[in-house]
Amino acid sequence: METATTNEGWVYLKNSPKWHYIRNRTSLCNKFLYLGTQELEQGNNNSPDNCAVCRKKLEKEKAEVNS
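Reminder that position 52 of the sequence shown reads as 52 in the working numbering, one-by-one numbering, no gaps.
Hints should not be assumed to be uniformly reliable.
Unchecked claim - Below, computed lysine to aspartate or glutamate pairings styled on DMTMM-like, alpha-carbon distance capped at 20 Å: (1) K31 <-> E59; (2) K60 <-> D49; (3) K57 <-> E41.
FYI, nobody ran anything at the bench for these hints, they're computed from the structure.
All chains should be modelled from the sequences, with the hints used to inform the complete structure.
Following this line, the structure appears as structure tokens:
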């Protein structure tokens with residue numbers, strides 16, 4: 001499991017077929033505003049069920065931090 005703050009992580013939204021990465025109530029792909037109360041899932045970043053745009057932005061951010 002990866003560490004993250006409590007206001008970010010993956011969530012499955014009923015109006016989308018994919019999981020989206022939420023940070024500060026907004027998806028990284030900027031398509032969804034998250035107002036729910038369910039817990040955000042940490043880790044599992046490479047799942048095929050994840051939004052490709054969210055996953056790529058998250059990978060890019062981690063690469064910039066690590067370089």
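We went through each hint and held it up to the structure:
1. For a cut-off of 20 Å, the pair hint linking K31 to E59 stands: about 18 Å separates their Cα positions.
2. With a CA separation close to 19 Å, the supplied pair K60 and D49 stays within the 20 Å bound.
3. For the hint linking K57 to E41, the alpha-carbon distance of about 17 Å falls within 20 Å, and the restraint holds.
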